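**Q** Now for the letters of each chain:
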Amino acid sequence: MALGALSTSGEAAVVARGLTKRFGDLVAVDGIDLDIRRGEVFGFLGPNGAGKTTTIRMLCGIMDATAGEARVLGFDVRSQREPLKARIGYMSQRASLYADLTVVEQLDFYARVYGLDARTRQEKVGGWIESSGLAGRERDMVATLSGGWRQRLALGCAIMHHPDLLLLDEPTSGVDPLSRRQFWDLIYRFADEGTTVMVTTHYMDEAEHCDRLAFIYGGRIVAEGAPEEIKRAHLPGDLLAVTAPEWMRALEASRALPYVRDAALYGTTLHLLVADAETAVPALARDLAAAGVRVDSIAPIVPTLEDIFVTLTGDIPGGGPDG
Amino acid sequence: MRAPPEPAVVIQDLSRSFGPVKAVDRVTLSVAQREVFGLIGPDGAGKTTLLRMLAGILNPSGGRATVAGADVHAQPELLRRQIGYMPQSFSLYRDLTVRENLHFFAEIYQVPGGEMASRTERLLAFSRLGPFERSLAEHLSGGMRQKLALACTLIHEPRLLLLDEPTTGVDPVSRREFWSILYDLNRQGTTVLVATPYMDEADRCTRIGFMFGGRLLSVAPPAGMKVQMQGEVLEIVAEPRRRALAVARGLEVVRTGSIFGDTLHLTVPDAASAEPQVRAALERAGIPVRSLRVAPASLEDVFIALMGQAAR
Numbered sequence: 001m002a003l004g005a006l007s008t009s010g011e012a013a014v015v016a017r018g019l020t021k022r023f024g025d026l027v028a029v030d031g032i033d034l035d036i037r038r039g040e041v042f043g044f045l046g047p048n049g050a051g052k053t054t055t056i057r058m059l060c061g062i063m064d065a066t067a068g069e070a071r072v073l074g075f076d077v078r079s080q081r082e083p084l085k086a087r088i089g090y091m092s093q094r095a096s097l098y099a100d101l102t103v104v105e106q107l108d109f110y111a112r113v114y115g116l117d118a119r120t121r122q123e124k125v126g127g128w129i130e131s132s133g134l135a136g137r138e139r140d141m142v143a144t145l146s147g148g149w150r151q152r153l154a155l156g157c158a159i160m161h162h163p164d165l166l167l168l169d170e171p172t173s174g175v176d177p178l179s180r181r182q183f184w185d186l187i188y189r190f191a192d193e194g195t196t197v198m199v200t201t202h203y204m205d206e207a208e209h210c211d212r213l214a215f216i217y218g219g220r221i222v223a224e225g226a227p228e229e230i231k232r233a234h235l236p237g238d239l240l241a242v243t244a245p246e247w248m249r250a251l252e253a254s255r256a257l258p259y260v261r262d263a264a265l266y267g268t269t270l271h272l273l274v275a276d277a278e279t280a281v282p283a284l285a286r287d288l289a290a291a292g293v294r295v296d297s298i299a300p301i302v303p304t305l306e307d308i309f310v311t312l313t314g315d316i317p318g319g320g321p322d323g
Numbered sequence: 001m002r003a004p005p006e007p008a009v010v011i012q013d014l015s016r017s018f019g020p021v022k023a024v025d026r027v028t029l030s031v032a033q034r035e036v037f038g039l040i041g042p043d044g045a046g047k048t049t050l051l052r053m054l055a056g057i058l059n060p061s062g063g064r065a066t067v068a069g070a071d072v073h074a075q076p077e078l079l080r081r082q083i084g085y086m087p088q089s090f091s092l093y094r095d096l097t098v099r100e101n102l103h104f105f106a107e108i109y110q111v112p113g114g115e116m117a118s119r120t121e122r123l124l125a126f127s128r129l130g131p132f133e134r135s136l137a138e139h140l141s142g143g144m145r146q147k148l149a150l151a152c153t154l155i156h157e158p159r160l161l162l163l164d165e166p167t168t169g170v171d172p173v174s175r176r177e178f179w180s181i182l183y184d185l186n187r188q189g190t191t192v193l194v195a196t197p198y199m200d201e202a203d204r205c206t207r208i209g210f211m212f213g214g215r216l217l218s219v220a221p222p223a224g225m226k227v228q229m230q231g232e233v234l235e236i237v238a239e240p241r242r243r244a245l246a247v248a249r250g251l252e253v254v255r256t257g258s259i260f261g262d263t264l265h266l267t268v269p270d271a272a273s274a275e276p277q278v279r280a281a282l283e284r285a286g287i288p289v290r291s292l293r294v295a296p297a298s299l300e301d302v303f304i305a306l307m308g309q310a311a312r
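Protein sequences, first through last, are from chains A and B.
Taking our numbering, the leading residue of the first sequence gets 1, the next gets one more, and so forth.
Taking our numbering, the leading residue of the second sequence gets 1, the next gets one more, and so forth.
Some clues are possibly wrong.
[Said to hold, decoys possible] Listed next, the stretches of chain A that the computed footprint assigns to chain B, with coverage defined by at least 3 CB atoms under 8 angstroms from CB atoms of chain B: (1) 199 to 208; (2) 261 to 269.
[Claimed, not checked] Some chain A residues flagged as far from chain B (calculated, every beta-carbon gap over 10 angstroms): (3) Q80; (4) D108; (5) D117; (6) G136; (7) H162; (8) P163; (9) L186; (10) E224; (11) A289.
No lab work stands behind these hints: they were computed from the structure.
Computed from a prediction, not measured in an experiment: that's the story for all the values here.
Even for Gly, the Cβ is constructed at its ideal location relative to N, Cα and C.
Please put together the full structure from these sequences, using the hints given.
**A** Shown next, in the form of structure tokens:
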């Protein structure tokens, strides 16, 4: 499909058709289509090396596509880079912060890069320090900030120019649970104000927070839709949760059973994928007892996105080379 | 009768200051052999500083610690042979292959020449990196790189592992695989001390230590940790979620509220009295409540609650 036809749609924040990136023989992104509506929180999921970062870099106009096209906020990523950059905010996995600047200096630096005048800069910097909870740390050196604070500062740098689209590449990686929640509160605030957000994450609980999701695997989109739709469409069977005091032994015994298609640990609970829950529950109770494994409970459950992730991508643990 | 085995780690009043900042503040802890001990706590709580002192690469300002029988301050050489330390950014050589990296670390740790080949083969098989042995480290995905770093950490067959957030930035499938490798090691007798920001990982440890502001505030098995939480958790399914959260947070009875997967988790002092208030408030706001129940606290709920309690 020609992109020219799509560019008239005011509703789309991102439209990509056949977007492809090759590095030598390696196809990092293999002809993907994406449609992200304005105001959406869109989650982009996949194993390490699936092509997430490469896709985001192409959408930001900082990496050329080998083939295909993309229009972001109505701008062609190849030919209209400069106006595009003025309207998007990008936070990379390793956000480039200057270790020897203070929090305020850092924000002010980015505000200058985006060409804001002195008064707007002051307003924006002060506003972010207030709303992100960085108050009291204005004069701290970036080098001394812990992970959660650093991420909040990096997000601030990415939004100084009030972008219409935020591209966040693993913004909460390695951040503690409380800081993660606070970070998501900030993301929602932008979304509620109308900013479109595209975010990659390895936390499947965060993925549940998104309006829509795409799973990329081996450079291709393998599932797309609202979290609920994806869960309905992509689990080949029923899911059971099993709790057992000796969960490692229970895991091994379950894996040996022919009707258990997949067995995985969530914390200390086992999730088993079976063809049919009704017949599998009594069979499991019998077979685990026969194997000498004590079981506290076996119950059918609604799948989580992590179950789906494992199903969609579990066949090559470790993933491929980085894309 | 045999004497009980010595603990793998004995820490007494261990402290480390950086100028006026007490990064680690009088930590006392004993870890038994063959434990998988998890360290949790907010960013900046002191987990990394503690692990670095136990690894003998940072001197304590006070107190003492013995790790795998070696005094961290007085016996650095013995310590280095006994432990494997994997820091957050493990320095693999990007321009060496997987196999070459293993050989490099084998030489650093003076693995006898006769054993190098067999250990390398074993670690390649064990880490499932065999098919990638000729790949340059820089071409590996995040999950594979962490597995290679672990394999390099194991080349001298340490009795105890110190792992600093080894699975950060690693996808769920690779994370699982990394942990199954850790369990294999643990079953063969290796003690593991691991800092992690993932509460599902902490849930699988034999015991957990919660650090905050340099102090080790609480040590317990995961189930024991959950008992320490003050208050109860209400789990709510209501759409639109974000608006429901805003309404719930506005109630005085709600201590903390957050989106938890596809549900809302609210911590309240007493579920029975809070439930009707929450239900009424949501209905007043025109938000239909699909389900509302008292949920067992997850370790993540406990983490949030402990942080609140610690900050008070």
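**Q** Now, for every hint given, state plainly whether the structure supports it.
**A** Hints and how they fare:
no., hint, result
1, 199 to 208, "holds (count 4)"
2, 261 to 269, "holds (count 5)"
3, Q80, "32 angstroms, holds"
4, D108, "24 angstroms, holds"
5, D117, "34 angstroms, holds"
6, G136, "14 angstroms, holds"
7, H162, "21 angstroms, holds"
8, P163, "21 angstroms, holds"
9, L186, "13 angstroms, holds"
10, E224, "18 angstroms, holds"
11, A289, "23 angstroms, holds"
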